[in-house]
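Novice: Single-letter residue listing:
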Amino acid sequence: MQHYLDHAATTPLRPEARGAWLAASETVGNASSTHGAGQDARRLLEESRERAAAVLGCDPIEVVFTSGGTESINLAVQGLWHARAAGTDAIVMPDAEHHATVDTVEALLADGAILRPVPVRPTAAIDASAFAARLPGAALATALIANNETGTINDAPALASAAAAARVPLHLDAVSALGHVPLSFRGLRGDAPDAAGLVAMSVAGHKIGAPVGVGALVTARTARLAAMLRGGAQQRGLRAGTQDVAGAAAFAVALELAEAEREAENSRLQTMRDRLIDGIRQRVPQAELLGDPRERLPGNAHLLFPGAVGESLLFLLDMAGIAVSTGSACQAGVAEPSHVVMAMGRSEQDARSVLRFSLGRTSSDDDIDAVLAAIADAYSRASGSGSAERS
Amino acid sequence: MSGGVDSAVAAARAVEAGHDVVGVHLALSRAGGTLRTGSRGCCTIEDALDARRAADLLGIPFYVWDFSERFREDVIADFVSEYQAGRTPNPCMRCNEKIKFAALLERAIELGFDAVCTGHYATLIPTDAGLELHRAADNAKDQSYVLGVLTAEQLAHTYFPLGTTPSKAVVRVEAAERGLTVAQKPDSHDICFIPDGDTRGWLAEKVGTATGEIVDRTGEIVGSHEGAHAFTVGQRRGLKLGVPAADGKPRFVLEVRPVSNTVVVGPKEALAIREISGERFSWAGAAPLESEFECEVQIRAHAEPEPARAFVSPEGVRVEPHQPLNGVAPGQTAVLYVGTRVLGQFTIDRTVSAVPVDA
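Same order as they appear, the protein sequences are chains U and Y.
Oh and the first sequence: position 176 is 816 in this note's numbering, straight run, nothing missing.
Oh and the second sequence: position 11 is 56 in this note's numbering, straight run, nothing missing.
Hint data in this document are derived by calculation from the structure and do not stem from the laboratory.
Check the hints yourself; a few may be wrong.
With the C-beta cut set under 8 Å, the calculated list includes, among others, these residues of chain U facing chain Y [to be verified]:
#, residue
1, Glu951
2, Ser952
3, Phe955
4, Leu956
5, Arg1021
6, Gly1024
Negatives, chain Y to chain U, calculated, CB over 12 Å [claimed, not checked]:
#, residue
7, Val60
8, Pro136
9, Ile170
10, Ala221
11, Trp247
12, Thr263
13, Arg281
14, Gly287
15, Phe326
16, Thr385
17, Ala399
In this text, a Cβ means the ideal position worked out from N, Cα and C, and glycines have one as well.
Take these sequences, add in the hints, and give me the full structure.
Specialist: Put into C-alpha cells, the structure is as follows:
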C-alpha cells in the first residue's frame, strides 16, 4: 500500500483533466493556423483561457499560458526587470521565496539589479510593513502568497496594497496557494495605478491535478513586461511558441474543479492534517510544527524532528511505503540545507531535520494512520544515526 | 554507488546473491560540477545520474545522502592540515576510515541494514579467529591498501563482491552484459575534491603562498619556494634550484619543515629509509599475537610490498624494512601484509634515514 503525502511536490492528475487533455490531444490543428483545423484548436484554447480567467479573477487577455510555475516566475521577474522604469534598479524579495524566484533574482544581480531583501518572521510569514518600507523607488517586488515549504500564508492583500501605494510593480507567486487560498487577481490588484501594484501572478497546473507542463502567468493589461521567448506574436507577444491547447484545456478543467471543491476540500484536508500533527507530536514529543499554526495551507504539515537526519527519516518512511519530502533542494552532488528554514532563524542542523507532509485530493485517513504507525520508530532510528556523530 | 562501473556491478552481484539492496550515492561536495570531464573527479550530477540509472536497471531503490559536512571536516580539512604539518596524507584512506565505513556504515546500521557493500577490489576471508582482509584476486586492481585502515568491527559489516574477480575487464564485460550504461566509463584516478588534478594549485588556494628557503643537508640555501606545503618527500620536479649540486646529480625533497617553511633537498641516496614508525595504528581483524614479527610493508597505494620486521608496542608500531625504502613521507600510511593478508596499518610519524648526513 503506497501512501503519497507529497502533494505539494505534485498531485495526481484529475480524471476530468486527463479526459480533456487526451480529447484535445487527439484533435489536430495549430491554434495560430487560419484554416478550419486551426480555428477549432484556437476556439478550444480561447474557451480554456476564458474558463481559467473566470477562476483566477482576471480578464481572459490577462492569462498567458506557460509551461508551469518556473517559467511563469521567470517571465514575471525577468520581464518586469527588463521593462523597468528608468532610474530604478532595486528588486524587493523576501528571504523565504522559492528557488525559481531566488535564482532568477540572483542572476539579475549580474545585470545591475540591487537586491533589497525582506526578512521573514520565525513562521516564514513576510512582515508586510518591512516589505512596504523597502518598496519606494524599487524596479519591482516579488513575494509568495503561500510558502511552498512551510505552508505559511502571507497577507497578500496587504502586500498588493503596499505595492500599489508605492507605485511599484509586484509579482505574486501563487503556485502553492492555488486551489487552497481564494485568489482573485482583480480583487488583489484593486485600483492600483497602471503598471504598478499587483501586475503578475504565477500559477502551475500540476499542483491542482492538471498535467505537468502547463501553467500561467496572469499579467495585468497595463503591466510593462518584456518577453523572454521570441519567435511569434502569440499571447500578446509575451510568450512566443505554439500554444499548448490540450494543456490549457486540462488546466481549465482542473482550475474549475479545484475552485468548486476548495472550501469543502480545505476543511477535509485540515481535519486530517491536524490529526496528523497531533498524532506525530503524541508519538514524538520532541517534534515541533514549523510555520504559522493557523495561517497555513490546509494540507501542509512541516515538522522539525530535532536531532534526526531528514534523509534517514525520508528513507525509513519510504521503506514503509510513505512518500514525504525533506523540503531541501538536494540536487545530486550539491546538497544545501533549506534556505527557507534557515530564513526562519533555524540552524543549519535544524534545516537538515525537517520533513514536509502535504495532503491533497487523494489523501485519506489511511495515509495518516500509516504515518502515525511508522513515525516513532523512524524517529528513534533516524536520530540514533544523527547522534552517532564522531567516533 | 559512485556512478562508476565497479559499484554498479557490485550492487548487481549483491542483488543477484539475494540480498535486500538499496543504492546510496554519497554527496560529498557542495560545489559539484554538472558534467564529468574525462576521468577526473567525481560527485558531479552526471555521476549521480549514472548511479541512479544503474539502480533503476537493477530495480533497487536509490537515494543520495549528503555527507558533505562530514567529508569537509574529516577528509578535506584533514588533507589541508596534514600538508600544512609537512605530511603527505592519503584522502581516499581517510574517506574510507571516516565516511564510507564509518559515517555511512553507522547510519546504515541505525536504519536496519547489515552491511555496506562497495565496489572495492579486496577479499574478506572468514576464519576461526574472525574475518581476514586480503588482497584482491586481480593484483593490478587490488585496493586492499586503502582498506587497511578498517577495523575488525568495520570489516564485520562490509561486503566486497568484486574482490575475487580475476580482472577489471571481467567487470566491464559483466556490466555490458547486464546493460549497465557505465560499462565503458573511465576509471577515476584523481583526488575527487581536486577535479582538475592540480593538487599544488588547490593547496596554494587553500593555505596561501609564503616564500621560504630550500636548503641542502648541510643547511646551505640552494633555492626558494612559494610554500612548503606544495612539496612532498621524494619529489624531484618543480624545485627550480638556482645552485647546482656539487656532483651535478639531481636532487630530491628529503624533508618538509612546515614551521620554518623550509624544504630540505639532497641526493637520491638520502631518500633511503631504514626505519619507519607511528603512533596511530589499527588492526584489520585480530591483533597480532606476537610483539615482533616478519611481514611486508607497503607505503603507497601502488608501491611494491617490501619484506620487513615489525615491532608492536602499546605506544605504536615500528618497522625495519630488510632493504631501505625509498620516498617515504611522514603522513603516509604503512600497511602491513603477510602474504595476501592485511594485518593492519599505521600513519608514519617518523622516518630514519639509511644514509647519515655526512656520508
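Novice: Each hint needs a verdict: does it hold in this structure or not?
Specialist: Status of each hint after checking the structure:
no. : hint    : verdict
1   : Glu951  : holds, 5 Å
2   : Ser952  : holds, 6 Å
3   : Phe955  : holds, 6 Å
4   : Leu956  : holds, 6 Å
5   : Arg1021 : holds, 5 Å
6   : Gly1024 : holds, 4 Å
7   : Val60   : holds, 16 Å
8   : Pro136  : holds, 17 Å
9   : Ile170  : holds, 26 Å
10  : Ala221  : holds, 24 Å
11  : Trp247  : holds, 18 Å
12  : Thr263  : holds, 45 Å
13  : Arg281  : holds, 36 Å
14  : Gly287  : holds, 45 Å
15  : Phe326  : holds, 16 Å
16  : Thr385  : holds, 28 Å
17  : Ala399  : holds, 37 Å
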